[in-house]
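Asks: This is what each chain is made of:
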Amino acid sequence: MEVTLEKKLQGFQLVAQEKLQAILCSIPGKKELILEPELIKPLEHVCTASWLKLKGIQRIYKHDAKQRLPRAADLVHIYMIRSLLGPYQTLLRQLQPVATNEPSESTDLALRMFHIICVPNCYAYFHALLEQAGLWGVVQLHHYNWDFIYLDQGVLSLELPNLYEGLYLQGNSSVLPAVATSLRLLQMICGKPTVTITFGNHSAQLLQLMKALGKVPQPQNPPDFGAWLIIDRDKDYTSTLLTPAIYAGLLLEVFQLRAGEIIIDNANNKIRNQKVQLLQGKTSPPPNAVKPSCIRLNSDCDEIYGDNRYKHFAQASSLVRAQVKALGLELQKLNDMQLEEMHDYVARKLPKLTELKAKVLRHLNASEIVIQMLGNFRRLQTLEEDILNNVSRKRLLTEIDELLTTDGQRYNTLRLLCLLHLCAGVAPEELQSFARNYCNMFGHRELCVFQQLAQAGLLPVLVPERKSSAKLLSNLPLPKFQQTEFQANANRLKLLTSCADVEQPACGSSSGHPAIKSCPSFVFNGMYIPLAAQLCSMLLNVNSAEQLAAKLAMIEGLQLHVGAESNTPKAYAAQLKMASTETTDVFPLRLRNLFVFVVGGANYAEIAACDFVAKLTGAKITVASDTLLAGSDLIAAAFNS
Amino acid sequence: MESQFDNTDENYWNRSSRAAFSFDDEDDVDLGDAGVRGSSGHASQNSKWDNNSIFNDDTISEASFDNSAALGTLNHLSIKAILSDEALSLVLQEQTLDDHVMPKGVTPEEELKLLRRQIQSTLYSPNLEATAQKLLHGKVAPLEMFKSLLEKRQLLDMVLANGGDAIIGVLLFLKRTLNTTQFHNILQQRPKALEHYLSYLRQSGDVSHYIDILQRFGRHQEAALRQFQAAMTCSELTTRKQQLQRLVDAYASAGVGVISLYEQVFHAALKLQLVKEKEPVTGLAQQIGDEPTPIEFLYVCCTQNKNWKEQDMLKLSSPQRFAADQEISPAQYEWTALNERAHAQAYADLECIFERVSGWNPLKTKQFHISFDLSLAVQRLFELQAPATVLQLFLSKMSNSPEKLALAQRVKCIKAVIDAMVSLKQQQELQQLKETLPERSEEQFYCENALKLLQSKRWTTDNIKLKL
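Just so you know, the sequences run in chain order A and B. Residue numbers for the first sequence follow our numbering, so the first one is 1 and each next one is one higher. Residue numbers for the second sequence follow our numbering, so the first one is 1 and each next one is one higher.
The set of hints was computed from the structure by calculation and includes no laboratory data. Source: prediction; values computed, not measured. Do not rely on the hints blindly, as some may be mistaken.
What the hints assert, rightly or not - Under the rule of at most 30 Å between Cα atoms (straight-line distance), these lysine-lysine pairs were calculated in the DSBU-like manner:
| no. | chain 1 | residue 1 | chain 2 | residue 2 |
| --- | --- | --- | --- | --- |
| 1 | A | Lys53 | B | Lys80 |
| 2 | B | Lys397 | A | Lys215 |
| 3 | B | Lys80 | A | Lys211 |
| 4 | A | Lys31 | A | Lys41 |
| 5 | A | Lys31 | B | Lys80 |
| 6 | A | Lys215 | B | Lys192 |
| 7 | A | Lys53 | B | Lys139 |
| 8 | A | Lys41 | B | Lys139 |
| 9 | A | Lys211 | B | Lys139 |
| 10 | B | Lys192 | A | Lys30 |
| 11 | B | Lys134 | A | Lys211 |
| 12 | B | Lys134 | A | Lys192 |
| 13 | B | Lys397 | A | Lys394 |
| 14 | B | Lys113 | A | Lys211 |
| 15 | A | Lys275 | B | Lys276 |
| 16 | A | Lys275 | B | Lys306 |
| 17 | B | Lys152 | A | Lys211 |
| 18 | B | Lys397 | A | Lys275 |
| 19 | B | Lys113 | A | Lys215 |
| 20 | A | Lys215 | B | Lys139 |
Bound-form chain B, shown alone (with noise of 0.2 Å):
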């Protein structure tokens, strides 16, 4: 039964859509065995189950896993019980879409009348009422005879306030009726018939028609964003190159106003496209793909520096001007930074991405400096596995010293645990610590300097607590 439940339904299904197109009469699920097979004993279904059962098949489905419970219960709960005769045919027939077929069994008189009626609604004098209640329904119902603007418009009107998707239908059939002129003056009046059209052109992908409607209606900072959109999903690059150009140049000079944050994105847009072009992405292409975030990009640019102490500024894949360019926050800066330099194992480079020189006085020494929890760092780069030296320079710079001291216990950095242990004065639990390691290994003989020095110093700061 367990395997029958592993491979129910994936299985088949990669098959099918193979069968789909080889056509191979071999490879062809052929449905029609499968009831044969499913009553014909559980050894055959195990073999085969995989080969024919998209759904499962009600005979085993109450055996195993699928629909069982409720195919089971249902087959002692007819239809009837449920909802009536009447209710049934009704549903029956609201699925149905047209609606003209004729009911069997009328008198010749009434069906003369019924004709009558429809010839006079079709050709005459259209009937509102009833042709919204057929759109509501999902029937198909002519429109042609709405001819007066008044009567399209009331025929909106109507839609409009049941909702749903005749509202679209009798959009696109007054666009088609109507001039341009009439037809937006329409959809000025309605905002809610607007947004309809605007759904319906986006769904459709006709791009151009979409941005076009939505300057029309003073939608600038939506249409700029598509305009944005469009550009971005060219595959072509230079054209792409000069479609982000153009928008760029338009958007500053339009003068309805600028959001500062797609100003900036289209600029960086701009900027990136440009960069890619100068500077071809090599290596990791497997692992960011055609389309390069920013910071994969700026991943990738710290694989090739190869200068960490004094960034070439004028290169523009290097990070530090790559990441100016981008707008790149400090914070990720640092992140990306870290991990790239993490993963190639060069860590004498984080050193360098960690300085500040403090910007009030140049000629103190550089200053480590963080943009994100520190902690966060530790962390990270115990994942990646970095040495215990490097872990332990990043929890020096940990202030908070019972903080520190789980921190370090939890990347297993001894000798930053004895730092902690120190600060905190833990001369006890460094004593156990000490009894712990290793004999005569490098951690043990920094233990013992610790708890000497702490043995020593002790006095010294009471001391100098009471002088003060």
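This is chain A alone, in the form it adopts within the complex (with noise of 0.2 Å):
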């Protein structure tokens, strides 16, 4: 039987449960599990507490990382973590007691009492504290990777939130090894693509990774993907900077984000959190009784979702309604019906409507929390706008500034700032300004924020100064025509769709479908194509190497990876002019499938935009990530430290 490429990303699923029974049934005796509440959600993804019984485990607990749980003399603990030091020293620190108490008997590696499964990877200094908090040989290590995890048609996650805190801010590769594995298990899934593009260090640093692990065996099947495009994400903080205009987008803005589940919690969500309580307008927030809900951003769970996802926000929140007004009537229906055909409608058809009504409910009561959160959508719009096309930097600083003192976002108006750092460039003198009123409005422990997003290149660096002679030359006002990185590779890849000197944006002119004008940039109202989806879709439009190689001319840090050679996209245009004629070009792709992954956390107005080149072109693309984050989360990552 021919198992479909959806098929296949789904079976994930089973090869971690594969995975998760060979470290559960590796350890013998009655067990109890003691989970890390950030785990809980993805593990969900993974298996049931049924399936888990089945395994052998009794109990299921939270971890507290304030008490540890006591153990009965007859029960082995399990607890599962996240491969991160602090958590884990924690941990380590909460079992040190035992170390002292119970001298362990036995040194036999099967009949140890206690567990801890790092999550996805047992680093190799996890042994060495082990060892320097007197734990060996009670304690035993595992380590359990669940890989892609299927969120959404088209849509996969790893579920690690924090790689995009140590790889870009920290400059700490540790959790790269468990994202090439994963990488490599999707090989083995769907075969070895024709081609690999990397856009990026960690990008190209994850293929040579692939490449140490070894050898994977041939996959039975043919391969599905034609080409891989694997990006760091700063080769693209634009898209995940601006406010999209999508439905999943909006929402992922607002409310908090857990393994392809968001929370509808009006007291508490993100926008509101993220603002100085005492400068509110109203004089607290409408106490919410009403309990906080879920929807799960699955097709194939919620219907409304799945028609509404990828739709302009207006659309979606309007098509909503229109659903919630029809769903009424159809109820009402009820009250014209005589008994018999009461009987029959209640039995059949009312359960289904109910649960459409509730889902419906959720959604309309959701928009209208976006509604009420975004406030003057059109003047962040117009914002934005104006800093992706620089438009009168000055304005835009007070303008901002301006924002910081009357609707002062945590995160939010930082992210701003870094759009038109970004964009426009900040000079360090204007970040101080900036960064002076950010610390008064949320307190001066926040200092440390400027360095981190500097690391990132997402502010300016600040320089000490230095009292000498040269300063005097380096202050005359020299006029700087000098454009950022991003303007330069966003106008040589034609990303910027707003300013007028693109006289037609670049998507659907050669895709042999002249009757669709409109182009993936309606993610952020018609400003900006996302990079990855443009990638991908001159990856489907080009028809030999040389056309690519002139498309992504200039492009510093992309790779092309074909069979076991690297090259730029020029050199292997040139190779393949000079060589004789058995090498064939990889291009036109003749396998329409794509897989993007973002090396940093994916954002939907992304995948929204992929998914729209897809449909054009007739291809598919799958898109995955680490996580999946909206820009405030982006920012919030450098608060972390």
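With the hints in hand, could you dock these two chains into one complex?
Replies: Here it is, written out as structure tokens:
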């Protein structure tokens, strides 16, 4: 039987179960599982409680960092935590009394009463720390990687929310091997792509790691993906920093996401939590007696989400509203029915309708909160558009500052400044005065954030002033015609669609669908095409390597990997020319399925834009990442230090 | 079904964590029943659902929310269809941490060979590639046989090339087996290794060592930041003050260059501590928490300030003095004071806040001055239910009449609407407006007057124009 790609991607769950089972079954005895709270939601995508029960888990607990769970003598405790040094050390401290109290009689590996499963990876130095804590021989370490979690059609996530912080802000590559292992598993399941394109250092490193991990057995089925595209987040910060205009994207702006599920909680949503409470206009948020509900961002479980996920928010919310009305009418029919009819109706149709109604109402509630929270959305959009196109920088700065004063949001205001820096450049002095006001607003302790964001290239680096004579010269106001790196690349790749000198959107022109004039930039109200989507449309539309090389010329850090060789697109095209006829060009792509992986968190605008490109070109694009984030989450990562 | 959706997990988890504390048998969630209940029919499910389904039970999941769609279809999908046996066993084998387990069913000769090779590599000559490979796969790999400095360096360079957690693992080994000079030399030459080491220190919470390393490698600005952060997280107020004082003194005199932003914030934080000590915050405690930000503190100062006409600049907690000390921008000061005064319904004080004596002519009367968009002020005042007269006062300062009209209409300030219409000479609209207003109300009189004025004025202005 031929297994479809979608099935295979869902099949990651089976592999994840198999792996978890292997660990659990290697531990004999009566077992109890203690889970770090953050792991619960993603784990629900791997298995159910009854499944765990079948594997010999008697009880499941939420791990409490403050208190150790007492253990009955005959029970084995299995802790499951994320591979982060902090939680790991806390756990070791909790377990430490165990080492002194009950010296383990047996040194047999299999008979340990404590086990720690680290997700996704048990770092080499964890063993050393275990030894130092005196727990060697008492506690057994394991590692477990659930690999890709299938969240929705065309959306995969590794659910590693701390990757961005470690990799981009601290320069710590510890988590990369786990990602490479997962990509390697994808290769085992879906086959090796004809061509892989990496953009950025981390992406290239991932590919190198995959090679270093060793050869994979040939899959039984023919390959599924024609090309892989691996992109570093910092190559396209813009698509994360801009506020998306599509339904799924805006839901994420306002609501907390946990493993493909958002929590609709008006009193405690992302935007509200970012503001200084004292300066809120209304006296207090409406006391919300309604219990927070959830929406699963999965079109298989929630058809309303499936219909609306990538639509423009205005369109989506009016559709939801219309649906609520239609359902209301449908339910009213009940009044006009005969008794028998009614019986039949109640038995057959009503349960379905009520379920649907509940779903629609949840969406209605969610979209209303979004509208309420975003406030003056149009003003924000104009501001973002002006930032993108670098229209009068000084005014933009004052406007951001005014926003900070009158509607300061801990992450989102900073996000605008970062966007401004990427698009137009912010001078260190300008940052200083902004930072001063920012610290007044949110507290002096946030001072470190600016250094953190500078590390990621999102803000300028502050340089100490030295009292020297050379200062005079640098103080001269020289006109700067420099483009920021973002602008250069965005112009080369034609990502900016709202500025005047782009006559025609780059996509859709050569795809053979002249009727469709719209463009993937709809995800940002026609301002910007996410880089991933643009690269996908190039890959799908070019007819030869030479054509691709021409389009991608001047883009630094982009590499083409065909077979075992890595080249720039230009070098590859040149090589093809030189070589004899037997080496055939990989373009045009014969297999029109693409796999996109974003290192450091993808966003729904990107995903929607890729989905759009796929529909336009009759291809299929799967977007995967370590996690899904909104712009505020990205900025929030800098606060975690 | 709906109720299931709503309380699937949260309830359970609250319960389960409670169970974890009390360990009461009755409270305990025994998953032993889960399967039985799941299959024992729908009636019992609904009542017991919230008790025992953390992850949604398979049997139910197909009917309602959960992983169902995936699980449902997966029931028909076998792992064999997507992954070959060979690949699966490789995946599972790579998951184990320890490689030392001897494969089953090997001949004695082969076993001897294997053991010999193992002894060779553990005792005598370390195998660089094999160790790096093991580390990459996350396996336990002994590093003790890397004795010479050269071997240690090679090992580090090897893992640096690949990246990953092995870098920190090897660094910690080097730190343990080399003296500080050698270790720092190695870090000095390898910036990437240094980044990893710093990241490790930061996560491990070893602040003093972290700062020490930053300083040693010339990253004084970062070190100062971390010191500042450490001081700020100090819960003991006197120690915090001491630490801040020390930092402020050291930073300026260290001779490593000064970032003025840092200097300013360090000073401001110290000053805030001093104010807090001298004039402790009272009231509003539940709204601002233990660590008020400067703006929050300013807000509190505003609530306590009695005299807005002439603020006592000698008092540390008088709003203007505090704002000046903390370098709070005029816009922030005005916005905070506006909010606080409007909240306290002390609208008369608003005029004092937005008053500026012009610098070049002190004799001139005080002028209205605002540092942010007027319309924002009007909107906020409206939200805070300020009376129409206050709104009118602010609206009257707006020069752009069409905008003023739109805003006045939005905040339902009739008099300002009338004013705007007058300046736009919308006589007809005024007439219409007048008819909608309640008979003999103040607004109606105002409107009538405005109409009269407009009618008489129309000629005069035109006359002036003609003359010009």
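Asks: Each hint needs a verdict: does it hold in this structure or not?
Replies: Right, here's what the structure says about each hint:
no., hint, verdict
1, A:Lys53 x B:Lys80, "holds, 24 Å"
2, B:Lys397 x A:Lys215, "violated, 74 Å"
3, B:Lys80 x A:Lys211, "holds, 25 Å"
4, A:Lys31 x A:Lys41, "holds, 21 Å"
5, A:Lys31 x B:Lys80, "holds, 29 Å"
6, A:Lys215 x B:Lys192, "holds, 28 Å"
7, A:Lys53 x B:Lys139, "holds, 29 Å"
8, A:Lys41 x B:Lys139, "holds, 28 Å"
9, A:Lys211 x B:Lys139, "holds, 18 Å"
10, B:Lys192 x A:Lys30, "violated, 45 Å"
11, B:Lys134 x A:Lys211, "holds, 14 Å"
12, B:Lys134 x A:Lys192, "holds, 24 Å"
13, B:Lys397 x A:Lys394, "holds, 25 Å"
14, B:Lys113 x A:Lys211, "holds, 28 Å"
15, A:Lys275 x B:Lys276, "holds, 23 Å"
16, A:Lys275 x B:Lys306, "holds, 28 Å"
17, B:Lys152 x A:Lys211, "holds, 24 Å"
18, B:Lys397 x A:Lys275, "holds, 29 Å"
19, B:Lys113 x A:Lys215, "holds, 25 Å"
20, A:Lys215 x B:Lys139, "holds, 18 Å"
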